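First to last, the sequence lines map onto chains A and B. Residue numbers for the first sequence follow my numbering, so the first one is 1 and each next one is one higher. Residue numbers for the second sequence follow my numbering, so the first one is 1 and each next one is one higher.
Since the hints were made in silico from the structure, they are not lab data. Values in this document were obtained by computation on a predicted structure and should not be read as measured data. Beta carbons are placed, not taken as given, at the ideal position from N, Cα and C, and that holds for glycine. Heads up, some of the hints might be wrong.
So, partial list: chain A residues that the calculated Cβ filter (under 7 angstroms) puts toward chain B [as the list claims (entries may be wrong)]:
1. Arg12
2. Leu14
3. Glu30
4. Phe33
5. His34
6. Thr70
To list a few chain A residues with every Cβ distance to chain B over 12 angstroms, as calculated [as the list claims (entries may be wrong)]:
7. Arg23
8. Ala32
9. Asn62
10. Ile245
11. Ser359
12. Arg490
13. Ser600
14. Ser621
15. Phe687
16. Ser692
17. Ser713
18. Ala754
19. Tyr806
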Amino acid sequence: MKTRHDLISIWRRLIDMTGRRRRAREVDDELAFHLAMRVEERKRTGLTDEQAALAARRQFGNVTALGEQTREMWRFPTMDSLIQDIRYAVRTLVRSPGFSVVTILVLAIGIGANTAMFSLVDAMLLRGLPYPDANSLVVLIGNVQRAVVERRGNSYLDHLDWRARSTRFVDMAAYSTTTMTLMGFDEPERIPIETVSAPYFAVLGVSPAYGRTFKPEEDQVPNRDMVVILSDALWRRRFDADPSILNHTIQSSARTYTVVGIMPPGFTGVSDTAQLWIPFALSGTAFDNRGNRGFQTIARLKPDAKIDQARAELDVISKQLERQYPDTNEKRAVEVSPLSVETYGQLKPVVLTLMAAVSFVLLIACSNVANLLLGRSEARQREIAVRSALGAGQSRLFRQLVTESCVLTLAGAAAGVAFAQVAVKTLTAASPVTFPSFVQPGINVVVLAFTIAVALVCGLLLGLAPAMHTRSEKLGDALKETARGSTSARSNRVRAALVIAEVALAIVLLVGAGLMIRSVQKLTAVDTGFNPQALLTLDVSVPRQPAPTTGSSPAGGATVAPAGGQAAPAPPPPPFVVSSAVILERVRAVPGVTSASLASDVPLDGNTSAVFYSAEGDSTSGAQTMPRAYVHRVTPEFFDTLGIPMKAGRTFNESEARPDGTAVIVSENVARRFWLNQDPIGKRLKFGAVTSQNPWLTIVGVVGEVKYRGLPSNPTGDPDLYFPALDRAVQGLLIRTSVDPASVTSAVRAAIRAAHPSIVVFNVSTMADLVKAQTSASTFTTWLLGLFATTALVLSVIGIYGVMSYLVAQRTREFGIRLALGATRREIVAVVLRHGGRLILIGAVIGIAGSLGLSKVLGGLLYGVTPADSASALAILILVTVAILACLVPAFRATRVDPVDVLR
Amino acid sequence: MGEAPPTGELMPGTLDMLILKTLTRGELHGYGIAQTIQRASDEVLRVEEGALYPALHRLEVRGWLRSSWGTSENNRRAKYYRLTALGRRELEREAAYWHRVASAVTRVMQTA
Chain A
1 MKTRHDLISI
11 WRRLIDMTGR
21 RRRAREVDDE
31 LAFHLAMRVE
41 ERKRTGLTDE
51 QAALAARRQF
61 GNVTALGEQT
71 REMWRFPTMD
81 SLIQDIRYAV
91 RTLVRSPGFS
101 VVTILVLAIG
111 IGANTAMFSL
121 VDAMLLRGLP
131 YPDANSLVVL
141 IGNVQRAVVE
151 RRGNSYLDHL
161 DWRARSTRFV
171 DMAAYSTTTM
181 TLMGFDEPER
191 IPIETVSAPY
201 FAVLGVSPAY
211 GRTFKPEEDQ
221 VPNRDMVVIL
231 SDALWRRRFD
241 ADPSILNHTI
251 QSSARTYTVV
261 GIMPPGFTGV
271 SDTAQLWIPF
281 ALSGTAFDNR
291 GNRGFQTIAR
301 LKPDAKIDQA
311 RAELDVISKQ
321 LERQYPDTNE
331 KRAVEVSPLS
341 VETYGQLKPV
351 VLTLMAAVSF
361 VLLIACSNVA
371 NLLLGRSEAR
381 QREIAVRSAL
391 GAGQSRLFRQ
401 LVTESCVLTL
411 AGAAAGVAFA
421 QVAVKTLTAA
431 SPVTFPSFVQ
441 PGINVVVLAF
451 TIAVALVCGL
461 LLGLAPAMHT
471 RSEKLGDALK
481 ETARGSTSAR
491 SNRVRAALVI
501 AEVALAIVLL
511 VGAGLMIRSV
521 QKLTAVDTGF
531 NPQALLTLDV
541 SVPRQPAPTT
551 GSSPAGGATV
561 APAGGQAAPA
571 PPPPPFVVSS
581 AVILERVRAV
591 PGVTSASLAS
601 DVPLDGNTSA
611 VFYSAEGDST
621 SGAQTMPRAY
631 VHRVTPEFFD
641 TLGIPMKAGR
651 TFNESEARPD
661 GTAVIVSENV
671 ARRFWLNQDP
681 IGKRLKFGAV
691 TSQNPWLTIV
701 GVVGEVKYRG
711 LPSNPTGDPD
721 LYFPALDRAV
731 QGLLIRTSVD
741 PASVTSAVRA
751 AIRAAHPSIV
761 VFNVSTMADL
771 VKAQTSASTF
781 TTWLLGLFAT
791 TALVLSVIGI
801 YGVMSYLVAQ
811 RTREFGIRLA
821 LGATRREIVA
831 VVLRHGGRLI
841 LIGAVIGIAG
851 SLGLSKVLGG
861 LLYGVTPADS
871 ASALAILILV
881 TVAILACLVP
891 AFRATRVDPV
901 DVLR
Chain B
1 MGEAPPTGEL
11 MPGTLDMLIL
21 KTLTRGELHG
31 YGIAQTIQRA
41 SDEVLRVEEG
51 ALYPALHRLE
61 VRGWLRSSWG
71 TSENNRRAKY
81 YRLTALGRRE
91 LEREAAYWHR
101 VASAVTRVMQ
111 TA
């Protein structure tokens, strides 16, 4: 009953808040009526108008005050006193502007940094992927059990069987990324695309803005429908956002496609780079070979299906397939990984670690502010005592203190949000990590709510420190001005705790930053096996000469041609418009270029593929340990251009560059595995099993191991096999320069265009940048953690200095007496240092324990370091030294106490 | 003249009950409520305006009264209050409590 009345009251008051003016007028009218009735009453007793009005008014009292009192009934009592508290707090803070500005600044740094990091957490982890019900999206990736489980990819036949036999999925779709050369414009353009099977868009839950997605019959192999769906970006950039492009054709270097759909803005596929989509049946995957694996499958779980159920079901299906097709599916299984994990995998722990680190910075900032507030509340003992003597209750005083600290933290939060806005922009612009395109951190309602919540929690905690201290005070003592020393024991304990906390938190951050710096140092010092300096890399796409049956030339043709003309399939591919040798010749002639080579793939570009092979005379390898290697086709100067050492034998000669050539150059580990202590030159390998019909390949050279696929360690330890380069549609070009490699880019482009205008140049990068990109997540973490740790160090040292100065000042009298009784200055310093040192030591021990936890969280980001690294020791040493220095200054001040002054 | 007649001081908490009771006979404006209480108590109880209006609004906020604007006997715009169901129940509660306390006080006064 009671609560029901309360609810009614709150409700009515809330309603009333919207009509305060009207309420005030009504109360006035109501009272005026009453007054008028009283006047009439008096007149009836024979008074004149004037006398009656006067008498009635006298009886009535203060009409304004009564109106005020009546209206008061409609207000929230706490709300009004809150406003009063806030006004009082603001007045107090304005009265000491120095204190207020410093505290607000310190809080702004702490809260601002938290807001900035949280906006990243919000953009990545809270808002999630830009698909409806994205949590039920998973990626299926074929794997194989070798020494460890290794990810491989899916074969088309496996994919079809998974789709047909599983029951836990709404649907699944095959997809892979590739590139396409778009023709029909001034200059042919190489664009990233996805080949996708028909259910792809429905699985993701994305509908086209115009037209349709792919039909099931367009998944048929071989595909006869050359259809394409455009991304919004490509449609705007190349086709002037004209919807009539639908049902017209566009031209790639190989085929003519009919546009059937246009996707909505922002959609760039699972790869986050696709500019258009073509049916998976056109992908060139080996559709009839279960052992040929490469692409991935995107799938949507049924609403009631758990990911573990899907895993269990696919395990069963994998076992069935293994029994049915032992040749291709032995030890093969499927990994089911949430799409969000695949998208954010490496970034999620980074962002969460940084979020934790930045909250430590805030805690240190709060410790400093708490210390300042404590000092102030001591100075305000008299004021507080007077207020409570005048009848302010304990809870009312507490509320006042908390209101005051909340005003401070909210002001800090306001400044912090402004700071965060700049920080987030700088962060994402300068970040070495590339975030997915849909991750757009910014200050929105969720982030603001977070910031305000953080500010209020901090305000409450900060208010607690002086409030706790106030409670312990005896009112009478505080009113007597001299009462001091004895009352501060409790607040001194709070101060000691603050020093310990600051030291502990700062040590965790410093150790974390130290370990990250050390591991980035080690990462960048990793021997790549080649010289990445002064090396420019790019890909060239060389079109074939137009087949004689095709009428229109790619350069002259109209952009948009009506559908109907089908591209005729040409069984023997026509020759390329220009040979690789000509391109190389042109590039080598560019000033500043000292060497140039072609390769089927460039180190660290992620385009390698692997094969199984056998070595002649090898009896140690079984089915699970069958040797596997990555295959590259390179021109003879390749090893020289990259600076890969030739360990034995020679490089290729021109005559070996034939499709049926049998010369192979192997990396060192091949020779070590099969011909340790023997001369590997002249030994033979073959693709597949020894018993296969493949021709034997003869080793002509041995080169050093290269980190071809990733730093710090190639994801798998498989070695590399090199074959002579043959002309092909897309090749990597590696250019060694005597000048800054980026400076020759335009000259190289011009040289290639001069070789033939229809050659497309893309993926231009310096090798140094590709190496850097490999360590970007670690570098990013190091940057920020270093920044946070430095901030923490500075803040905690200021805090320790403040506390120690205060404690020394408190003991001035004691030190004076000690000095008078014959204590040496050295002994006084020792007293102060012992006190400070003990606190620092306790903090350090807690901090070291905490940093062990942090290094566990950092785990995957750390390379080649353990928490016991010398970097940790250095970090601890730095902090402890600086902290002791912060104690020394007040310690020496203590020795300058003049006993005469103190004792007088 | 002009001097206010001696007023019976209301016991704290009884004003709310008196207002609720007065309104059981129908809707009334503030002045009417004050007059009714005064007359019904044979001029013993005088309701101060300073207490009446805050009390009326407090009761309205609690949902025990409803108010609406109407025209008074002498053709003035006046705010009329009437009892709600919740108010009626509250009155019963308070009246029961009052009777218990009043009879207890009376008994004490008689025996002492």
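Under the criterion of a CB-CB separation shorter than 7 angstroms, is threonine 70 of chain A in contact with chain B as hinted? Interface hint status for threonine 70 of chain A: holds (4 angstroms vs cutoff 7 angstroms).
Non-interface claim for serine 692 of chain A: all C-beta distances to chain B beyond 12 angstroms? 91 angstroms, holds
Would you assess whether isoleucine 245 of chain A, listed as outside the interface, keeps its beta-carbon beyond 12 angstroms of every beta-carbon in chain B? 66 angstroms, holds
Using 7 angstroms as the Cβ threshold, decide whether histidine 34 of chain A counts as touching chain B. OK, holds: histidine 34 of chain A within 7 angstroms of chain B, min 5 angstroms.
Taking the closest Cβ pair, is arginine 12 of chain A under 7 angstroms from chain B? 5 angstroms, holds
Non-interface claim for serine 621 of chain A, where every Cβ of chain B lies beyond 12 angstroms: 87 angstroms, holds
Evaluation of the interface hint that places glutamate 30 of chain A against chain B, nearest CB under 7 angstroms: With a closest approach of 5 angstroms, the glutamate 30 of chain A hint holds.
Is it the case that arginine 23 of chain A keeps its Cβ farther than 12 angstroms from each residue Cβ in chain B? Incorrect as stated: the minimum Cβ-Cβ distance to chain B is 9 angstroms, not above 12 angstroms.
Given as non-interface: asparagine 62 of chain A, partner chain B, CB spacing beyond 12 angstroms: Violated: least Cβ distance 8 angstroms, not greater than 12 angstroms.
Return the status of the interface hint for leucine 14 of chain A: holds when the least beta-carbon distance to chain B is below 7 angstroms, violated otherwise. Check failed: Cβ of leucine 14 of chain A comes no nearer than 11 angstroms to chain B, outside 7 angstroms.
Minimum Cβ separation between phenylalanine 687 of chain A and chain B greater than 12 angstroms? 88 angstroms, holds
Assertion that serine 600 of chain A lies farther than 12 angstroms from chain B (Cβ): 83 angstroms, holds
Checked against the numbered hints above, the structure breaks hints 2, 7, 8 and 9 and satisfies the rest.
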